[in-house]
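> From first to last, the protein sequence lines are chains A and Z.
The UniProt record's numbering applies: residue 1 is where the first sequence begins, and numbers increase by one.
The UniProt record's numbering applies: residue 1 is where the second sequence begins, and numbers increase by one.
Please note that a few of the clues may not be correct.
Anything over 12 Å on all C-beta distances counts as not near chain A; from chain Z, calculated [as the list claims (entries may be wrong)]: (1) Glu8; (2) Phe10; (3) Val19; (4) Ser20; (5) Val42; (6) Thr110; (7) Tyr112.
Straight-line alpha carbon distances no greater than 30 Å define the calculated BS3-like cross-link-like pairs of lysine-lysine that follow [what the hints assert, rightly or not]: (8) Lys1291/A - Lys62/Z; (9) Lys952/A - Lys435/A; (10) Lys967/A - Lys26/Z; (11) Lys62/Z - Lys26/Z; (12) Lys1335/A - Lys102/Z; (13) Lys435/A - Lys330/A; (14) Lys1335/A - Lys96/Z; (15) Lys26/Z - Lys1291/A; (16) Lys1282/A - Lys62/Z; (17) Lys1258/A - Lys62/Z; (18) Lys1291/A - Lys1323/A; (19) Lys26/Z - Lys1258/A; (20) Lys1291/A - Lys96/Z; (21) Lys583/A - Lys599/A.
It should be emphasised that the hints constitute simulated quantities derived from the structure, not laboratory data.
Every residue gets a Cβ at the ideal spot worked out from N, C-alpha and C, and that includes glycine.
The chain contents come next:
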Amino acid sequence: MVEGEDDEELMDVDEMDYRPVAAAAGPVRRKEKKGMDFSRWREFVAEDAPPKRRQAKPLPPTKQSAQKIDVGVVGGATREKGLGGTSMQQLEIGNSKEESGGAALMSDVVPRNLVKQADARDDVRNVGGAGDLEVRGEGMVLDSGEPSLAAEINAENMARLSGMSAGEIAEAQAEILNRMDPAMVEMLKRRGREKSGSRKDGAKAKGGDISGPGKISRAMPGEWLSSGEHSGHSWKAWSERVERIRLCRFTLEGDILGFQSCQEQQDGKKARVESVGERDFLRTEGDPAAVGYTINEAVALTRSMVPGQRVLAHQLLASILNRALQNLHKMDLIDNIKELNFDDKFNDWQAVWAYAIGPEPELVLSLRMSLDDNHDSVVLTCAKVINIMLSYEMNEAYFDFSEKVVDQGKDICTAPVFRSKPDQNGGFLGGGFWKYNTKPSNILPHYGENDEEEGDDEKHTIQDDVVVSGQDVAAGLVRMGILPRICFLLEMDPHPILEDNLVSILVALARHSPQSADAILNCPRLVQSVVKLLVKQGSMEIHYSQIKGVNLLKVLSRYNRQTCFNFVNNGVFQQAMWHWYRKAYTLEDWIRSGKENCKLTSAMIVEQLRFWRTCISYGFCITHFTDFFPILCLWLSPPSFQKLSESNVLAEFTSIATECYLVLGALAQRLPLLHSVEQLGKQDTGVSGTHVETWSWGHAVPMVDLALSWLRLNDIPYMCSLISGQSKNMLEGSYLTLVISSVLGMLDSILERISPDGAPDSCLPWIPDFVPKIGLGVITNGFFSVLDNGALGEGEQHKSFNGASLVQALCHMRFQGNLSCSIDRVIESATTNHTEHLKESETGIAGRILGQVLQNIEMFGRGGPAPGVGFGWGACCGGFWSLNFLLAQLDSHIVLELMKILSLGTEGLFTVNKSMNLDSMTDPVAITSERVSSVLSVSLIAGPGQISTLEKAFDILFHPSILKFLKSSVHCVDSHMKLGKTFERDITEDEYLDFSSALNSHFRSRWLAIKKKHSDKYTRNNSGIDAPKIQETLETIQEETELAEAVNPPCNMLAVEWAHQRLPLPVHWILSAICCIDDPKGNLSTSTSNAVDVSKAGLIFLLGLEAISAAPCLLAPLVWKMHALSSSIRSSMDLLQEDRSRDIFYALQELYGLHLDKLCKKNDRGHSAKKEGSVATVEEEKAISTEVLRFQEKIHGSYTTFVESLVEQFAAVSYGDILFGRQVAIYLHRSVEPAIRLAAWNALSNAYVLELLPPLDKCIGGIQGYLEPLEDDEGILESYAKSWTSGALDKASQRDAMSFIVARHHLSGFVFQCRGSGKVRNKLVKSLIRCYAQKRHHEGMLKGFVLQGIAQDSQCNGEVSRRFEILKDACEMNSSLLAEIQRLKTSLNG
Amino acid sequence: MNAPDRYERFVVPEGTKKVSYAQDTKIMNAGSFTIEREDHTVGNILRMQLHRDPNVLFAGYKLPHPLQYKINVRVHTATQSAPTQAYTQAINDLDKELESLKEAFENEKTRYDEMPKQGY
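Let the hints inform the model, and build the full structure from the sequences given.
Shown next as structure tokens:
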């Protein structure tokens, strides 16, 4: 047995590697005993269970025999035992025994093997238990006792084996070999080899995959798929991508090692079931990382009995998730769109992320369990994994950035959401309200009753937990009681790193949604223990957990004013800010304390300031200004930069300074209006006693002087180089830019309090003398040259980002500050140049980001590519959560501001007008259209919480002047395109006004409305359980109205939810006006007459946009535009009855026809190009080449019903209107997917209105689009034939309707030109001929059918006779039919 | 609840005509008939009869709402005819057809009834 010896050698090597691990695992074995006892006990208790279980899993006969033999190989003595065992694990152990059998010559091998076996058994039982849980969780009956039973048998086998001498074993082996089929022996040996070589482990791991979790996972995808089946093709592709990750193997560093091929399972071993424990056991031999692990294996390993293995598994998971996150982050969005190459298996991190936290809840379940582990190291690594899973760091980086920006304001909840599905009543128009992936009420099932009923387990099942965590991992964790556990751990005085991780989990959870924040607040003692952390160490030492603790407080208080109030009242605020009550120190002291310490203190101070700022915006803690001022003023004036950069703490200093000015800005917003309340003289500390405190002007004015010192840009070293365009010191420059922008922000809000936004400009009695100073400071220091720089440095993200915020602050200032006219002019000239530039960049960014992100997120429902929480919900590059996007949003903000200033300029000041006109003279059309398109792209960018931005955008977009402009541009295009009817009807001024208001109100109510929350009220009010309730409402009523006007009203919430609103807008939002008429229920809150107006205006607007070819409008796919036109006439003909809108409708149809032709052509070209390369599969090609208008996939799964109702309307009321007919006929276009075409045809045929369709040359788009390529869908062909024979086409043939031409063309093409599927062809021909026999008047039709596509000249006789041959063939010798053919032939010839 | 009384489905209210006709304002030889208290039974058969008329270019009907017990029939004819003409002709033809159907049915019925008497 040469092979046997090979085995020996291999095995020996393995053994060597194994030994140390075995030793380490030694102590645990004792614990195992318990497990064994337990399993026995279970069998005793449930006496009838084991037999049942055995019955439940009948083995395929082949397997059983294989198993018998396998065990037999080891030794005849143990054979009988083997019969009882069921698990395929037997095979495995059998194999190793075979080896040991061979190796038994060396006496010490057997005992070692024994150890190994024992270990394996441990693992088996352990994993068996875990699998048990899993199975129960899934609600499936899986034979849970199996693995342990098998293990017992193994143990017995083993014992017997060890009792035998080597000779005996050899004897037994020989006996078995004799009895066995040699082929079988060969196979077994081969398998033995495979197994002993751990390199070839791939196939086996697959087996492990299938065993425990496999069953579940097979059930899950189905469920998972069904939720998104409507999106058909793309959904399938996506789910395949995700499913593939199941087979993906990762190294210990988290890199993708490879995909295990399924080939190895092909040779009869496919059905092998193998337990996870078995795999663990094997993996400890040799190099455990050599083959890598799949995610499922890693999850299974976290339930190992060996703590070390659990830790390892957690580390593995952490590194996988981390790698996925990092790569997602790195992924360049734009590149990704270009080369959307999912076949690149090794970079599909999106799928990895989705798979890891997506459809299968095992990961969450096991993490939650591991958190209860009694080994500290396991808990620690588990906490790390959870942190990564919630992508704490990525999200914090995002929020950190967004907080640095002046005025950005609100936090956005990270809870995953999905769009509610569109329904037919809204015209299938997408972009519904966002909903949470999991119901908020599911996060805490027994809200408020937690304390009383502990044992309320009937309602609360694990199944629910599984469902919830499958939808949303964070919600699942909260639901499974992670909070009390964290609280407990925190109270146990944990290791600092663990503490740190725990608090960051809390922060991540608090960011999730208001409900989970409530859960944190309501978890008994949790917040208290966090607060205790803050003050625990009385020393100067600062821990990261403390910083995060302050952050947590801030996040929590952002959700709710009441929460913040409680924090302030309970002294939590003071505890969090205790550093500020200490003795003031100097900057030198701070620098001297060392780099590390500086970093910590700066991080701490920043967090504390942010917390304070949150309180200030709620109107609390303003009086603390005097307390904190001594330390605050350290950071307010420009330092000596030399010293800072020497000790390398510039970043720390600037971040504090930025934050300080942000706080001052927030304070400034709490100033009373300067001119409504004369407060300058009063030096006292604001109005105390009420809950809305105010800052006093007496404090504010000195701050202005400090701030002005920052404006001397030339004194600040790094700014100079930035301004002069040098690229060194870019980083420092960007730090300082942030400081300056926050300074400007503060000045801006002070100016705003002097002359508020809405007030008329001219009637200020007096201005304090610092205002001109500010103005001078701004001008003399050359801020406007900075502007240009900001724009130039676009390539560099940071810089452009800062530039953006700087410009924004400036714009604000210009807008709100009452600066002199000269400044105005300077700014105007600076900005006009700038606008164009920005617009360009703006549009670019916007368009590209949106193209992908939106579609990606919305295409799928729940559980799509954005499952779970996590950075950007797993979208590539973070999607909405990327800094790119934040930047784009900022840009959009500026563009709007500039737009506003410019329009003010054009209308107001003549002097400015002149400078404007210099630019606009050249090409006013271009500028306006530029403006429209940039506003459109701005509108696409705005995220949740930016409703006001959008309102501004709408105001600009639907301004009557813009409408007028669009109208005039339509004229140009009309003459250009020669659409026949020129669009010459005039629109009066009044009508423009009407249109503008109609559109504006429609779009506002359609897209910007916020869904009312009903059930939430209760929980929100409840949130302050641990604090004395103070009747806040009463207080607010008592406030004097005058004061309320004078002071900014405090905000009630500083966080925004994605759910319950519709932003960001879908690409096709502009179409909603047209679809609005098709909304019988009126859920857009517009009356029917109004709806008609809106639709009319919408049509004009759309045509105008098309005319100037505004980019974002063109982004909306053609399918949507076609659909919008259809839905505008689906329920009433009003639009077509009015002459003007009828013309517009026609023009749009023509225009889209052109687009359609262009698209088809492009696709054809792409198609042929592909063919040469022959990359894609046949099916893919088909999908790509032909179907431009995939209504069913792109718009709605049940689009057929829409088509049917459209046809019904057509049949009932249209009088055969030609425009309507064109619109219906588009559904017969070859580029529409077959299902829709079939539905349209059948509906038309059943209603006997095929003849009402227009002639082919009058249809939308080119003729070829309807005829080519030839139809190959048999269902449609049969449907054509049915209409033909039933006489529904008779009139159509007389009237030359397109339906007849199309049917004749495709039928003839199929019969005479296509090869193959003779059966269908014969059937079609026979039915046509039979029909001809009965109906004389079909002669002409049938002649046309035969002669279709043949030139009239006589030279084609050969072709005609060929066709008759085909017909004859098809009749299959039926004499009567042949006679009919003969008759046809004679009539044709004669 | 607030569902209309059942008789409303077939009792034409006083003061309203059973059938009213309105000429279309834009298209020649086109108009819509409103038939009170009828539904798909009449609407469909009438439409199909109108379709048989070679002069009729368009014939369609619509039940505006399930709780409005009326149908709108729209007819568009060629110049040599008129909607009212086509409509009346269709009604007459239908009358005749149904009459003959009834007659044939009754004949057959009597034949069947008499079968036992004749000793079959």
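> Hint by hint, which ones does this structure get wrong, listed from lowest number up?
Violated hints: none; all satisfied.
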